[in-house]
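Undergrad: Chain by chain, the residues:
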Amino acid sequence: MNDRLKANLKYQLKQNKLGIIALIIIFILIISSVFAFLAPHDPNKIDVMNSLSFPSKEHIFGTDEMGRDYFARALYGGRVSLTVGFLSMIISTIIGTIVGTVSGYFGGKVDSIIMRTIDILMSIPTFFLILILNAYLKPGIQNIIIIIGLFSWMGIARIVRAETLSVKEREYVLYSKVIGEKSNVIILKHIIPNIFPTIMVASTLNIAGAILTESSLSFLGLGVRQPDSSWGSMLKYAQGYMGDAPYLALFPGILILLTVLSFNVLGDVFRVAFEPKANND
Amino acid sequence: MVILGGIFVVRMITKRIIQSIPMMIAISIVSFLLIKLAPGDPVQAYITPEMGPVQIENIRESMGLNKPIHIQYLIWLKSVLKGDLGYSLVNHRPVAMQIIERLPATLGLMGTSLVISMILGIIIGLISAANQNKIFDNIAAFISYIGISIPSFWFAMMLIYLLSLKLKLLPSIGMRTIGVHTTWDLIKHGIMPTIVLSLQNIASITRYIRSSTISQLKEDYVTVEYASGASRREVLYKYVLKNSILPVITILGMSLPSLVSGAFITESIFGWPGMGQLGIKAIFGYDYPLIMAITMFSSLILIIGNLLSDILYGIADPRIKELK
Amino acid sequence: MKEPLLSLKDLKVSFFNNIGEIKVIRGVSFDLEKGEVLGIVGESGSGKSVTSMSIIRLLKGTGKITNGKIIFKGKNLLDRTEKEMMKIRGNDIAMIFQDPMTSLNPVFTVGHQISDVIRRHQRLGKNEAKNKAVEMLKLVGIPSPEERYNNYPHEFSGGMRQRAIIAMALSCQPELLIADEPTTALDVTIQAQILKLLMNLKKKTDTSIILITHDLGVVANTCSRVIVMYGGLIMEEGTVDDIFYNPMHPYTKGLLQSLPKKSAEGKQRLIPIKGNPPDLSKTIEGCPFSPRCPYVMDVCKKQQPRYYMKNNRRAMCWLLDEGDKNNGE
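Protein chains in written order, with this note's numbering: chain A, 5 to 285; chain B, 7 to 330; chain C, 25 to 353.
Pulled out of the complex, with its shape left as it was, chain A reads as follows (with noise of 0.2 Å):
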């Protein structure tokens, strides 16, 4: 990456503290699913004599129904939220990417029916694809993350299409295809790494987007299934349980809360630094 562009998100990040906070949220929370197992409690002991206990010095985040460290889910919950959600914007990033580079730099018809095509798949509620296609394939996260990223590359491919039509112009792309270098080198060598900024925001808000969308499928029962659990999954439960122990529902709700806000600072940071054109003052 361009050092200018680094300098540019150095300075950005140091003006706007909202973007180390969101770093650091991010940071923790990674940590956390990662080094899950050192928590003080294994999440699936079910200990019934302690169910639905308020949160305490024992249990961080009380017990849930079953008598479960609440906390203790709640980290290995963070890890499979995070992983659906990283994963599945790899899967559209590469999609969206691909489809936004080929369309802009041929042009021309491949252009046209790509555009439409995205067009028309935007007009379905790819949400209630999502909903359909999961409930009918096997269970499981793999196939969580598989239809996620094929359904949420569109809006990446739209922005890298526009990025790539005005980068395909420049000198150093115009001189590769005069001294005739193949196309897809072209968009290896020459595209990619210039629109690469552009792809860092809109996969940064990608992700924000498939933790939500995750979480919304496992709370309608339709996502992340027994006995793996989500964030989602959590509050899905949580549900039942509103009256007697509001912290169940709190506790999973403000997590995905604090990651998704955090992806989607991060993302305004990156286009802030990476766009000052785009930029609001």
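Do not rely on the hints blindly, as some may be mistaken.
[Unchecked claim] For lysine-lysine, the following DSSO-like pairs were computed, each having C-alpha atoms within a straight-line distance of at most 30 Å:
1. A:14 / C:107
2. C:306 / C:88
3. B:224 / A:21
4. B:244 / C:306
5. A:10 / B:224
6. A:21 / A:113
7. B:244 / C:107
8. C:150 / B:248
9. C:334 / B:224
10. C:150 / C:36
11. B:224 / B:140
12. C:111 / B:244
13. A:14 / B:140
14. B:224 / C:107
15. C:326 / B:224
16. C:277 / B:224
17. B:224 / C:306
Keep in mind the hints are simulated off the structure, nothing from the lab.
Keeping the supplied structure of chain A fixed, place chains B and C upon it in accordance with the hints.
TA: Below, chains B and C alone, put in the same frame as chain A:
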């Protein structure tokens, strides 16, 4: 002059409608394929329990279920256009009727949410832009961030906990109280679902208007207006407003997908008897004809909504008037 | 002696950013008599536009007037409230800007924009204002003014737009019109038309004009007096003839030399002034032009020169002070 303008508008509307036909055809193909790919005997969608085997075989014939796929599609399309969307696999009632019964509830919720989102979004966005980086702006920005990051179903749960369980101010389920037919009752039931459905759009519209207004305020014509004695209020709410709002019409189109997607979750949580709740139920019930129909309907809502916003934009922006 | 219409006294204007203070205008004083056309000439960064924005107190961003008085019709504009200034802008003092393509609001008709200005300052009904606006459009030479009233800015050509903008500016018969590079963004042929229009209108309405430009050619055709600015200060002031035929200041001489001229053989030689404009965020010692002046002396770099006066002219230059020790002592 006015007649010319009118003719132009009609021409533009027709053009836009024609442009969206390929999309509707594509959607219909997708919906058709959805049903084709569903497991089970496809004729199930078109029969009721009372029918005997001969009748079923006849229906199989008439629906062309034994014929090649493109003929099946055309037959299906024909019956869809006639209004026949098959029967629900669960309760064997006509799908079309079920959807139409529930459409008003969904459209009402979506419509109210859209109107509120736009009004609040525009107002907050304008005031934020006018007071850039001051307290109002910072608070509004923070709430916007939360608005686009909060999982809507969790927000709904928190609202229900607070307003229904704890404060007992609002009912948490359904559209009406049984036996009560007042508007006030309807409103009480609708407040929370509307808030939940609107939150994300209010946040994104606010951000959009804010940035659009800020960039308008940098334009030369604003300086010229100040130089001819306009007050800050006049500049903001009369002159810049019209320019900032233009993208709003596009935003209208952009808000639709989240309205439609959001309707599924919001209606489910609040037990709102709309198309969205029906869709979720259909998925759990493996009710393929219903699923297909709801997919088609929601897509239609999206396409028509975009069409309307395209047309509105064409009318509003004088620069787009492609005379001749 | 009649009081001048506008009188700037030791105006100082600065912009403040996180680096520090940028002194854009460092002590500018001049008078404008009623009925005069005064040209302000200078490179970009010389402070000429900031001067005009200061007069109507529309400094953008972090600009602040740090010193001085702006006396208009006997009253200091800097003492006036914002409300009073709003009544003055567009009404007693009007301004037109450089780029006609972006000076009009794209979503309102041209006529509406003019009527708005009229109704803002004069108690006229909708139709009366409309009629007046149409009159103004006619006055600036726009054909079929009644129909054009209902057109949007994008339906006007560049030259037409500038005419409409002039119509808007003069609609309330201001006593002072400030024109900031009014022809820079226009084609050469249209430039001439617009300048001619301005001069004709001035004759009819007796508006005083401050014409800001970097183009000496524009000045030659329109102004009676000229001020030459550099580095936030006035380098020279005099009548048009004085400046063109008998420039006193090295900068003025340099500007005149850099005009494209045809020499006897038909060749055009451009002699630009060597060097770059000064960095206004730093304190400038001595004369701001000294780094680029071909006649620079030691004292020029250390002390800001005094004004050397002669017959209603003045120039800020040590060269002129040398031969006349009786001046300014």
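Undergrad: Does each hint fit the structure? Answer for all of them.
TA: To see whether the hints hold, each was checked on the structure:
The straight-line distance between the Cα atoms of residue 14 (chain A) and residue 107 (chain C) is roughly 44 Å, outside the 30 Å bound, and the hint therefore fails. Straight-line distance between C-alpha atoms of residue 306 (chain C) and residue 88 (chain C) comes to about 17 Å, which keeps the hinted pair within the 30 Å bound. About 26 Å separates the Cα atoms of residue 224 (chain B) and residue 21 (chain A), which keeps this hinted pair within 30 Å; it holds. Distance restraint check for residue 244 (chain B) and residue 306 (chain C): the Cα-Cα separation of roughly 41 Å exceeds the 30 Å cut-off, and the hinted pair is therefore not satisfied.
Taking the CA atoms of residue 10 (chain A) and residue 224 (chain B), the gap is near 28 Å; set against the 30 Å cutoff, the hint holds. Taking the CA atoms of residue 21 (chain A) and residue 113 (chain A), the gap is near 46 Å; set against the 30 Å cutoff, the hint is violated. Between residue 244 (chain B) and residue 107 (chain C) the alpha-carbon distance is near 18 Å, which keeps this suggested pair within the 30 Å criterion. The hinted pair formed by residue 150 (chain C) and residue 248 (chain B) meets the criterion: a straight-line CA distance of about 21 Å does not exceed 30 Å.
Taking the CA atoms of residue 334 (chain C) and residue 224 (chain B), the gap is about 44 Å. The hint is violated against a cut of 30 Å. Between residue 150 (chain C) and residue 36 (chain C) the CA atoms are separated by roughly 42 Å; this puts the pair beyond 30 Å, and the hint is violated. Proximity of residue 224 (chain B) to residue 140 (chain B) is assessed by CA-CA distance (about 18 Å); at most 30 Å being required, the pair is judged to hold. Under the criterion of a C-alpha separation no larger than 30 Å, the hint pairing residue 111 (chain C) with residue 244 (chain B) is consistent with the structure, at around 18 Å.
Taken as a hint, the residue 14 (chain A) and residue 140 (chain B) pair is honoured in the structure, with Cα atoms around 24 Å apart against an allowance of 30 Å. A distance of roughly 22 Å separates the Cα atoms of residue 224 (chain B) and residue 107 (chain C); the hinted pair therefore holds under the 30 Å criterion. Pair hint residue 326 (chain C) plus residue 224 (chain B) does not hold up; C-alpha atoms about 40 Å apart against a cutoff of 30 Å. Restraint check: the Cα-Cα separation between residue 277 (chain C) and residue 224 (chain B) comes to about 37 Å, which exceeds 30 Å; the hinted pair is violated.
For the hint pairing residue 224 (chain B) with residue 306 (chain C), the CA-to-CA distance comes to about 28 Å; that is within 30 Å, so the pair holds.
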